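Number of protein chains: 2
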Amino acid sequence: MSPRHPAVAEALRLHRARGRDAAHATLLEGPHLVAAAVAAGVALGTVFVVADDAAGRDLAVRGRGDAVVVDEATLRRLGTTETPQSPVAVISVPPPAVSVGGRVIVAWGVADPGNCGTLIRIAAAFGYGFLAGPQCAEPWSPKVLRSAAGAHFALSLGRIAAVDEARAGGRILVATVARGGAVPGPLPDAAAILVGNEAHGLPDDVVAAADRRVTIPTSGLVESLNAAVAGAIVAYLGAAGPGTNLPVP
Amino acid sequence: MSPRHPAVAEALRLHRARGRDAAHATLLEGPHLVAAAVAAGVALGTVFVVADDAAGRDLAVRGRGDAVVVDEATLRRLGTTETPQSPVAVISVPPPAVSVGGRVIVAWGVADPGNCGTLIRIAAAFGYGFLAGPQCAEPWSPKVLRSAAGAHFALSLGRIAAVDEARAGGRILVATVARGGAVPGPLPDAAAILVGNEAHGLPDDVVAAADRRVTIPTSGLVESLNAAVAGAIVAYLGAAGPGTNLPVP
Chain A
1 MSPRHPAVAE
11 ALRLHRARGR
21 DAAHATLLEG
31 PHLVAAAVAA
41 GVALGTVFVV
51 ADDAAGRDLA
61 VRGRGDAVVV
71 DEATLRRLGT
81 TETPQSPVAV
91 ISVPPPAVSV
101 GGRVIVAWGV
111 ADPGNCGTLI
121 RIAAAFGYGF
131 LAGPQCAEPW
141 SPKVLRSAAG
151 AHFALSLGRI
161 AAVDEARAGG
171 RILVATVARG
181 GAVPGPLPDA
191 AAILVGNEAH
201 GLPDDVVAAA
211 DRRVTIPTSG
221 LVESLNAAVA
231 GAIVAYLGAA
241 GPGTNLPVP
Chain B
1001 MSPRHPAVAE
1011 ALRLHRARGR
1021 DAAHATLLEG
1031 PHLVAAAVAA
1041 GVALGTVFVV
1051 ADDAAGRDLA
1061 VRGRGDAVVV
1071 DEATLRRLGT
1081 TETPQSPVAV
1091 ISVPPPAVSV
1101 GGRVIVAWGV
1111 ADPGNCGTLI
1121 RIAAAFGYGF
1131 LAGPQCAEPW
1141 SPKVLRSAAG
1151 AHFALSLGRI
1161 AAVDEARAGG
1171 RILVATVARG
1181 GAVPGPLPDA
1191 AAILVGNEAH
1201 GLPDDVVAAA
1211 DRRVTIPTSG
1221 LVESLNAAVA
1231 GAIVAYLGAA
1241 GPGTNLPVP
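Chains A and B, in that order, give the protein sequences.
My numbering numbers the first residue of the first sequence as 1 and each following residue consecutively.
My numbering numbers the first residue of the second sequence as 1001 and each following residue consecutively.
Fair warning: there could be bad hints in the mix.
Which stretches of chain A does chain B cover? Using the computed rule of at least three CB atoms under 8 Å from a CB of chain B, they are [what the hints assert, rightly or not]: (1) 116-122; (2) 150-161; (3) 210-221.
Hint data in this document are derived by calculation from the structure and do not stem from the laboratory.
The model shown is predicted, which means the values in this text are computed figures rather than measured ones.
The beta-carbon is built from N, C-alpha and C at its ideal position, and this holds for glycine as well.
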């Protein structure tokens, strides 16, 4: 297929945030992510596969997508990694979930797509929903999708513009702060863990609005923990322990 | 200064593992990392600064380095990020530390430089040393240095080729495994936490050699946790609690 084929041109527009917003669609790269989407019942759009990728073609069938065979050069253009793997699939971005109950992780200004995706994976791993706050990396960008490794399809994923929106369902707001908070521990079933920007943490007004502040004790030898790591520890401790919904391994 | 200047050519060779091995040297990029090295008493070699970077020049003086003014184009070539920040400094790679006591995190086949660097930062944050096992990303590569955000200079960092070397100082070996292990908790002062490859985990023989196996309970909605996240939770719980050396925040 020519790289000038309309389906290729349409897919290439999804590399940019503006293109994704306009089409309400994004790209999944590689067999792992596409399989995770199909397993979760997500309907695929166009599925670009290289000629010898029988498994990719099978995923297209199971995901009710339109398989389109492309050459290696076109696959590389469609991918956003240095060495993209077949297939690359177009999917619709679902509307933000209106999550009203249960625990959530709120990424507030988590600008790095890798950290944002890791937080989505952590949320799913520990039975939380995920809310993207202001200045958060775009949850459905190919980089965030890759970093979350399929977790997008395993949780409720929404967006909020003001911190009080995280209170839906009676949640308490728990701010992770670099110093001065309580040692993290078990949280009520209705809790929102707020994780801030990698360099600047949470804005002062968000910290002030929170019901609790938690700080992970550290040796003091490094400035701070990675945002995703801090979120992981607070989320795990919040959901683990007595009354947990996390099964014994 | 011409990009053909010998100091620039020497520094460019440090972009490759072979060049770093031959010169026992690496590159620090940006004011944060260079400042962390200087604060830890590390002697700088050549320090490349752009003309208007007075703070970079000051770091060169404090780090006893040789400041060399370069143009923006040369700085971009010296850096390994898309938009490198001045200064870029050459430092000697210290010989591996022979760590005989205390807790350590062992990265065994953690191939991703970002994960390796995050584990080094986690180790420093929770008062652990760090040992790079076989097939681990090279700890002193610019990518790992960047991801660890200065933590290299705050801990003991060694290498091991066989798992029993982690037993030095009477450490017990704690393997993090995806299923079937005990719930993680406090660890003795002499413990080595083994973290495995992102996709394949720890090799069977390493798991078999360990004294304990731990598994972080999860919802089952995602396949596994990120290697660095799993290491962080096990390391934090290992060092926190009664008798901890982690101060109250």
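Consistency of the hints with the structure:
no.: 1; hint: 116-122; in the structure: holds (count 3)
no.: 2; hint: 150-161; in the structure: holds (count 4)
no.: 3; hint: 210-221; in the structure: holds (count 7)
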